[in-house]
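Build the full structure now, drawing on both the sequences and the hints.
As a plain string of letters, each chain reads:
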Amino acid sequence: MPDLLIELFSEEIPARMQPKARADLQKLITDGVVEAGLTYASAGAFSTPRRLTLTIEGLTANSPTLREERKGPRTDAPEKAIEGFLRSTGLTMDQLEARDDKKGQVYFAVIEKPGRPATEIVAEVLEKTIRNFPWPKSMRWGAGSLRWVRPLHSILAILSDEAGATVVPLDIDGITAGDTTRGHRFMAPDTIQVGGFESYTKQLKAAKVMLDPAEREAAIWHDAEQMAFAKGWEVVPDKGLLAEVAGLVEWPVTLMGEIDAQFLELPPEVLQTSMKEHQKFFSVKNPKTGRIEGFVTVANRETADHGATILAGNQKVLSARLSDAKFFWENDLRTVAAHGLEGMGAGLDAVTFHNKLGSQGDRIRRIEALAREIAPLVGASPDLAAEAARVAKSDLRSEMVYEFPELQGVMGRYYAQKAGLTDAVADACRDHYAPLGPSDDVPSEPVSVAVALADKIDTLTGFWAIDEKPTGSKDPFALRRAALGVIRLVRENDVRMGLERFIAPWFERELFATRSYPSGNGIVEKPQPLRLTQFLTKTGEGENEDGSYYEDFDIHWAQIDVTVADLLSFFHDRLKVHLRDAGIRHDVIDAVLAMPGSDDLTLVVKRAEALSETLKTDDGENLIQGFKRANNILTQAEEKDGVEYSFGADVKFAETEEEKALFAALDAAEAKIAPAMAAEDFAAAMSAMASLRAPIDAFFEAVQINAEAEVIRRNRLNLLSRIRQICLDVADLTKIEG
Amino acid sequence: MAKADAPKSFQEIILRLMSYWASKGCAVLQPYDMEVGAGTFHPATTLRALGDKPWAAAYVQPSRRPTDGRYGENPNRLQHYYQYQVLIKPSPPDLQELYLGSLRAIGIDTELHDIRFVEDDWESPTLGAWGLGWEVWCDGMEVSQFTYFQQVGGHDCKPVSGELTYGLERLAMYVLGIDHVMDMPYNDPSAPIALKYGDVFRQTEQEYSRWNFDIADTDMLLKHFEDAEAECERILASPETDDAGRKIIMAHPAYDQCIKASHLFNLLDARGVISVTERQAYIGRVRALAKKCADAFVQTEAGGAVESEAVA
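Residue numbers (the working numbering), protein chains in the order written: chain A, 1 to 738; chain B, 1 to 312.
If you are wondering where the hints come from, they were derived from the structure by calculation, not from laboratory data. C-beta atoms are modelled at their ideal positions from N, C-alpha and C, and glycine is treated no differently. Treat each hint with caution, since some may be false.
To be verified - Pulled a few chain B residues facing chain A out of the computed Cβ check, cut under 7 Å:
hint, residue
1, I108
2, T110
3, M141
Claimed, not checked - Here are the computed distance ranges between Cβ atoms for each label pair:
hint, chain 1, residue 1, chain 2, residue 2, range
4, B, Q280, A, E737, 48 to 58 Å
5, A, F477, B, P125, 15 to 25 Å
6, A, P114, B, A27, 17 to 27 Å
As the list claims (entries may be wrong) - Below, computed lysine-lysine pairings styled on DSSO-like, alpha-carbon distance capped at 27 Å:
hint, chain 1, residue 1, chain 2, residue 2
7, A, K239, A, K280
8, A, K137, B, K158
9, B, K158, A, K128
10, A, K137, A, K276
11, A, K606, A, K735
12, A, K474, A, K20
13, B, K8, A, K316
14, A, K137, B, K291
15, A, K128, A, K27
16, A, K606, A, K660
17, A, K660, A, K576
18, A, K288, A, K276
19, A, K660, A, K672
20, B, K196, A, K316
Printed below as a string of structure tokens:
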């Protein structure tokens, strides 16, 4: 059985596209040959910046011959029927076989599809693969119309076995498949003739090409660690960077250098970001000082001077980059020293946040007002929370963050420290963005929590107010992430706050607030509300005494209520997704959302957790059945009688022991549930509710609700109503499924 | 880099690039006589990348980026700098090798240095143009931009042009081992009157930085922007045939106005009078002009249009 080797040799393939391209090549070719009737033992795909390679071992040399028999009409069938059969099989009359069948002679068509050689099949599949390859971006070059990620120079495609290698016959727009490739662009540019995968990898290695990206990664990491170890340093691990760097070289040569002492005072995050983003360097830490003091770069070639020129060049480029960073850092520190951190952010009034939501300055003022109100609920000082909110986004105006946006917050913390602000405020500058991803840590310092909540609630309310909600997969303002952030912040810090209390006043403040709009160089104060048009109808306009212009508006409060409710239900949807991951069913959440205080997400979670636990018990599960039975009977009776049975069940009309026991059990449960609910001891309330299961079951077992005597019947219905009411005081069990 | 054949000055590097690309068959053109942001704006690139007529040109283009002005103090940033530009259509199969030859020509020994092609897709929203390619690194330093044009002015490039852009100051500083651009020898340091880059450009960097940032009359710039826009459209709306019955489509004069509008936008941007939201609108207006110019150019002979008379 032959082996197949394919190499597509091109100009430099972007590193980030290589992993998917390897997988795509393997899947498209193997699927294609299997579909054509071949089988294979194993396959593997590799890449370097200049080549995509696939090896398939144990490919069958031919696809099998396929024989198909089809039964046709009887030999004495009308001519038309026979003609139709010939047409559908593509045969002629003399190729049909007449065979005896139960009902006489019948025509049979025997169609034989001869097997095809693997070379032919591979040629077809490979051409189709190249012409339809799913590159994220592809291009044309020269005068041709073929598309590839970058110009495709040659195709190596051979089938090899003990007898030797056969080139797959293929020509794509003038590129003829052959059995040759080239080595390293600079170190071994000559043509190499290849006989099979094993010799291919060996020849490539001799020609300074390490084919397997995993091998290149391992080589880079091994050398980097060795070099660092020799100096008593440690390389800062970065898997993403390692994969990228391995995709940029065919022959990795790892070099380590020292960062010039004049840059060591820069924050480590700055060094790391600058080196990674601009230079694709690894950072190297000195564990004795805890600082980043070195870098590792990976070249693509060996040189006579053992990389001295390359390292010196890289060092020089790094120094130029870090000089920039140092320049930004020192300018920023000067600004902070002269104007404070708040002064650094002064220009934010001139930066548009969103054209309907005003400037970044407007946004910061909104966050400040919210943070001040939230502070007492999270154990933070309102003044500190407000101060933190005022300066938390000031670093957006720093030169460092302008250059490295990913350092927002991190720089704010440094600048806050330099400005002499308290640690709580400095930490809030960094941490108020958190949590960003689902695995991010949630801040726990009260001032950070207050500002983080205020920031997210303002964002959500603002975009709800201008009707820019997420739809389907579109969420350009990351509002789902913001809502999940609020949920995690309140839940993990056990914060008790009704969200509505903070959302509704937002509208009052904003619809009356004085706005500032960026306009050219200056800032124009406009004593007009934000144009939240769906909440306003203009009723008049005129001139103030000082000659300035004013407008009067009616505010549509009902529309605001609808928007607030809609935003709360968005929070609830996100909460369901969040709790589903924690194993709590959505119907359980629905049951507790029906209770008062559903805008207090911590309360909702506590209730849902307690109910979920209760439902897992035998009593809890059966109680639901008892509750539903009571509720159904009662609802039907109420509909039939046209009255509500909600009051006056009296034990003196109880006839059986079970009925009396239920009265007693309900009294006992009620006495426990009310105080437990008031104390938010939901576990106790639910267990008291679950304790009703046995008496309810016994009651239904022994007692006929629709008694002959109307007084008895009514009393029993009113008793059912007590079951319903006591249960509904704990959670809306009608929402529970099953 | 202290080798016998190493260039000694900024101008020697330019001269070597000129003779190298001339030896490879490029027409050596001169800079376009208008203010542009990059060598790509030269009609020898923007317009000549359109249509199917083969083309090969190389030239220096002075480029102006008002927002990059640093009063001549920053070691790397200038509001006026030089780009070296090569455009070959269709892109030859050995364009990468030709490019590497140009690095050797200016004294970069590829046996000692680490040359890398790192993904960098190019897009010009003002020209309605994009292409795929790389930034070329030499020992971690970006020394050139290498692009295969896919679209210009909204038109597919068929055939595809290969474009090379060298940032001359940065490249020369690297080759000459200079840390501050103003310290770079402009001519041979042993010349009777040796001039440094700073002797030529420090004062103009100061003057233009001040004018760009503080003095330029924004109302006037805005008016000039609108004038250029109107003139471009007026030129293109003129009838194809003149009074004497000659068919002359004025793609180039119209494109000059597009270049003007683009530079005026850059000046307005440097003056800080364009808000984030307005920015996109201005860029869109320039792009609309560039597209119309491209539409006009492909109707001309240089743009590959075949005259109906000639066919008959």
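Going down the list of hints, with the structure as the test:
no. : hint                           : verdict
1   : I108                           : violated, 10 Å
2   : T110                           : holds, 6 Å
3   : M141                           : holds, 5 Å
4   : Q280(B) to E737(A): 48 to 58 Å : holds, 50 Å
5   : F477(A) to P125(B): 15 to 25 Å : holds, 23 Å
6   : P114(A) to A27(B): 17 to 27 Å  : violated, 59 Å
7   : K239(A) to K280(A)             : holds, 12 Å
8   : K137(A) to K158(B)             : holds, 18 Å
9   : K158(B) to K128(A)             : holds, 23 Å
10  : K137(A) to K276(A)             : holds, 24 Å
11  : K606(A) to K735(A)             : holds, 17 Å
12  : K474(A) to K20(A)              : holds, 25 Å
13  : K8(B) to K316(A)               : holds, 20 Å
14  : K137(A) to K291(B)             : holds, 23 Å
15  : K128(A) to K27(A)              : holds, 13 Å
16  : K606(A) to K660(A)             : violated, 34 Å
17  : K660(A) to K576(A)             : violated, 41 Å
18  : K288(A) to K276(A)             : holds, 23 Å
19  : K660(A) to K672(A)             : holds, 19 Å
20  : K196(B) to K316(A)             : holds, 21 Å
Comparing the model with each numbered hint stated earlier shows that hints 1, 6, 16, 17 do not hold.
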